[in-house]
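Protein chains in written order, with full-length UniProt numbering: chain E, 1 to 208; chain V, 1 to 331.
Honestly, I wouldn't trust all of these hints.
Listed next, with one range per pair, are the computed distances between beta-carbon atoms [unchecked claim]: (1) E/A27 / V/D172: 41 to 51 angstroms; (2) E/T2 / V/E14: 23 to 33 angstroms; (3) V/T205 / E/E180: 44 to 54 angstroms; (4) V/K91 / E/I183: 51 to 61 angstroms.
Under the rule of at most 20 angstroms between Cα atoms (straight-line distance), these lysine to aspartate or glutamate pairs were calculated in the EDC-like manner [stated by the list, open to error]: (5) V/K97 / V/E139; (6) V/K201 / E/D32; (7) E/K62 / V/D123; (8) E/K111 / V/E126; (9) E/K47 / E/D23; (10) E/K118 / V/E128.
Which chain E residues stay away from chain V? Per the calculated CB distances, all over 10 angstroms, these [claimed, not checked]: (11) E42; (12) A49; (13) S70; (14) G77; (15) G93; (16) D98; (17) D107; (18) K111; (19) R116; (20) D153; (21) E159.
I should point out that these hints are in silico values taken from the structure, not numbers from a laboratory. Heads up, the beta-carbon is just placed ideally off N, CA and C, and yes, glycines get one too.
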Amino acid sequence: MTVKDAIKEVGQAVIKDKVFLTDLDQAIGDGDHGINMARGFESVLPKIAALADDNDVAAALKAVGMGLISSVGGAAGPLYGTAFLRAAGACKGKTAIDAATAKAMLDAAIKGIQDRGKAQQGEKTMLDALIPASDAFADGIKAGKNAVECLGDAVQAAEKGVEYTKKISATKGRASYLGERSIGHQDPGATSSTIMLTALYKYLKQER
Amino acid sequence: MKKIINNPDNVVEEMLNGMTASQPQYLKRLKGFDVIVRANKKTDKVALVSGGGSGHEPAHAGYVGRGMLDAAVAGPVFTSPTPDQIYEAVKEVNTGKGVLLIIKNYSGDVMNFEMAAEMAAADGIEVEKVVTNDDVAVENSTWTIGRRGIAGTVLVHKIAGAKAETGAALADVKKAAEKVIANVRSMGMALSPCTVPAAGKPSFTLPDNQMEIGIGIHGEPGTHREAIRSADEIAQQLVDKILAENIYNSGDEVAVIINGLGATPLMELYILSHKVQAILKEKGLKMVKTYVGNYMTSLEMAGCSVTLLKLDDELKELLLAPADTPALVQF
Numbered sequence: 001m002t003v004k005d006a007i008k009e010v011g012q013a014v015i016k017d018k019v020f021l022t023d024l025d026q027a028i029g030d031g032d033h034g035i036n037m038a039r040g041f042e043s044v045l046p047k048i049a050a051l052a053d054d055n056d057v058a059a060a061l062k063a064v065g066m067g068l069i070s071s072v073g074g075a076a077g078p079l080y081g082t083a084f085l086r087a088a089g090a091c092k093g094k095t096a097i098d099a100a101t102a103k104a105m106l107d108a109a110i111k112g113i114q115d116r117g118k119a120q121q122g123e124k125t126m127l128d129a130l131i132p133a134s135d136a137f138a139d140g141i142k143a144g145k146n147a148v149e150c151l152g153d154a155v156q157a158a159e160k161g162v163e164y165t166k167k168i169s170a171t172k173g174r175a176s177y178l179g180e181r182s183i184g185h186q187d188p189g190a191t192s193s194t195i196m197l198t199a200l201y202k203y204l205k206q207e208r
Numbered sequence: 001m002k003k004i005i006n007n008p009d010n011v012v013e014e015m016l017n018g019m020t021a022s023q024p025q026y027l028k029r030l031k032g033f034d035v036i037v038r039a040n041k042k043t044d045k046v047a048l049v050s051g052g053g054s055g056h057e058p059a060h061a062g063y064v065g066r067g068m069l070d071a072a073v074a075g076p077v078f079t080s081p082t083p084d085q086i087y088e089a090v091k092e093v094n095t096g097k098g099v100l101l102i103i104k105n106y107s108g109d110v111m112n113f114e115m116a117a118e119m120a121a122a123d124g125i126e127v128e129k130v131v132t133n134d135d136v137a138v139e140n141s142t143w144t145i146g147r148r149g150i151a152g153t154v155l156v157h158k159i160a161g162a163k164a165e166t167g168a169a170l171a172d173v174k175k176a177a178e179k180v181i182a183n184v185r186s187m188g189m190a191l192s193p194c195t196v197p198a199a200g201k202p203s204f205t206l207p208d209n210q211m212e213i214g215i216g217i218h219g220e221p222g223t224h225r226e227a228i229r230s231a232d233e234i235a236q237q238l239v240d241k242i243l244a245e246n247i248y249n250s251g252d253e254v255a256v257i258i259n260g261l262g263a264t265p266l267m268e269l270y271i272l273s274h275k276v277q278a279i280l281k282e283k284g285l286k287m288v289k290t291y292v293g294n295y296m297t298s299l300e301m302a303g304c305s306v307t308l309l310k311l312d313d314e315l316k317e318l319l320l321a322p323a324d325t326p327a328l329v330q331f
């Protein structure tokens, strides 16, 4: 179990769903979310592969953040870039991540997205997957679960969050122009966030 | 798609190299980046950095030079540049007196410039930002939260640039920029769409006998479409919407931009300007200076925008101060 392999799994999952994400974005945005995210991870993954095998989680996440910022563009680049940079800031010096640290990283990422995008929960954004995921993670910790079990709960909550984005209209980002017309479509950002969490969970579960 | 290009994927790169090759006395390119800076040595003053998606030429690299910008960052066509590019521009032009970022209000631009500001601040560079939002057409648009930044941005470059040349501190340059933003409003319309080279087809269609009022500079929708009307009627419609903002009063001095969106002949802009001048005069406004031409374009879109800036003594003096850039020269 290494941070480099985990990032590789996450990145490949996003690349694999490039067309799916782009189709979702074509319905309510400008139709490039999958293309942009795939380009980002295609640029990031070789950089991660070239990092030292010291399992420095913060250094690896910082490289992901910087890489996405300089290659994704639009709004998703700054938002996910900030999320990874803030998560890196919450795990400085760690080579293993316990549940409490993982929760702190997730929350730092969420705070980063909120600061950058000036969005709140319920506005049909990636936050509608990530905030429920964080809440479920917290409940898992309270119930005495380990980090991977907590992440499993978080993934389920994120999936529900994606479903919820079908029921609400967008007030942030380009989809906001559609207003009520965005109802019925799931949010591409919430979807890509969930794809990443799911890929991380699958990797960690299989490695245990 | 019919364009004078070599390769749709290479238009920004080739354009930037063309700009520096054509205007070496004004411009040079920051090696390895899509950043245009002044050819002459940086002086001891607050530096101004702007930029955004390409396709709005001469904005923004055309305004790099004495009295206006110190650097312009060019993103892909109609797409914000990334923070690493903006960060390099900031580092390059900073002389220690601080850097002001001038950002048009689009979600992607604001986020990318803010990230660059944070990266520069982490290096100890003093960075401030202003966000232009002069377009009164729509409150929110496809690409923004809040009003869009369009041609009025050029007057922010002009006035904040002149303020910076006086040796003013960063806070005062920012204050001048914010005063422009508070007092400048624009309104546009289009007759025909434009084609992003990489997309290969027009971003929307507009029947021959129709015009779109309040269109954005990326072809994003405006307020409505209607049958095309005379230049005088179009002038009246655009100016009425601006005057409805209620910031311009009889006796005020104003600056005006009659801006072409790319494919509109100067003849038409002057015909429009004639009526705009008449309407403003009738309202008791005093036109200190009117710019007529292509200042903030949208590739080959046909159409125009009208911009009105209310001046006070400070803004007037800075507006009339000299500027020497590829796209705007005044003595």
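Okay, the hints, checked on the actual structure:
Between E/A27 and V/D172 the Cβ separation comes to about 48 angstroms, which falls inside the hinted range of 41 to 51 angstroms. Between E/T2 and V/E14, the C-beta spacing of about 43 angstroms breaks the proposed range 23 to 33 angstroms. Checked against the given bound of 44 to 54 angstroms, the beta carbons of V/T205 and E/E180, roughly 25 angstroms apart, lie outside it. Checked against the hint of 51 to 61 angstroms, the pair V/K91 and E/I183 fails, with Cβ atoms roughly 45 angstroms apart.
Restraint check for V/K97 and V/E139: the C-alpha separation of about 35 angstroms exceeds 20 angstroms, so the hint is violated. Distance hint between V/K201 and E/D32 is fulfilled; the C-alpha atoms sit about 16 angstroms from each other, no more than 20 angstroms. For the given pair, E/K62 sits about 17 angstroms from V/D123 by alpha-carbon distance, which is consistent with the 20 angstroms threshold. Proposed proximity of E/K111 and V/E126 is contradicted: the alpha carbons are some 24 angstroms apart, above 20 angstroms.
A distance of roughly 28 angstroms separates the Cα atoms of E/K47 and E/D23; the hinted pair therefore is violated under the 20 angstroms criterion. Between E/K118 and V/E128 the CA atoms are separated by roughly 19 angstroms; this keeps the pair inside 20 angstroms, and the hint holds. Even its closest Cβ contact with chain V, about 15 angstroms, leaves E/E42 beyond 10 angstroms, as expected for a residue assigned away from the interface. With a least beta-carbon separation of about 21 angstroms from chain V, E/A49 lies farther than 10 angstroms from that chain, consistent with its non-interface assignment.
Look at E/S70: its CB is around 4 angstroms from the nearest CB on chain V, not clear of 10 angstroms, so calling it non-interface is violated. The Cβ of E/G77 sits about 6 angstroms from the closest Cβ of chain V, inside the 10 angstroms cut-off, so the non-interface label is violated. With a cut of 10 angstroms on Cβ distances, E/G93 stays outside the contact zone with chain V, its closest approach being about 19 angstroms. Distance to chain V confirms E/D98 as a non-interface residue, since its nearest Cβ pair spans about 29 angstroms, more than 10 angstroms.
Non-interface call for E/D107 relative to chain V: holds, since the shortest CB-CB distance, roughly 19 angstroms, exceeds 10 angstroms. With a closest Cβ-Cβ approach of about 14 angstroms to chain V, E/K111 is found to remain outside the 10 angstroms limit, as its non-interface label requires. Here E/R116 does not stay apart from chain V, with its beta-carbon only about 6 angstroms from theirs, under the 10 angstroms limit. Every CB of chain V is more than 10 angstroms from the CB of E/D153 (nearest about 31 angstroms), matching its label as outside the interface.
For E/E159, the requirement that its beta carbon stay farther than 10 angstroms from each beta carbon of chain V is met, with the minimum near 26 angstroms.
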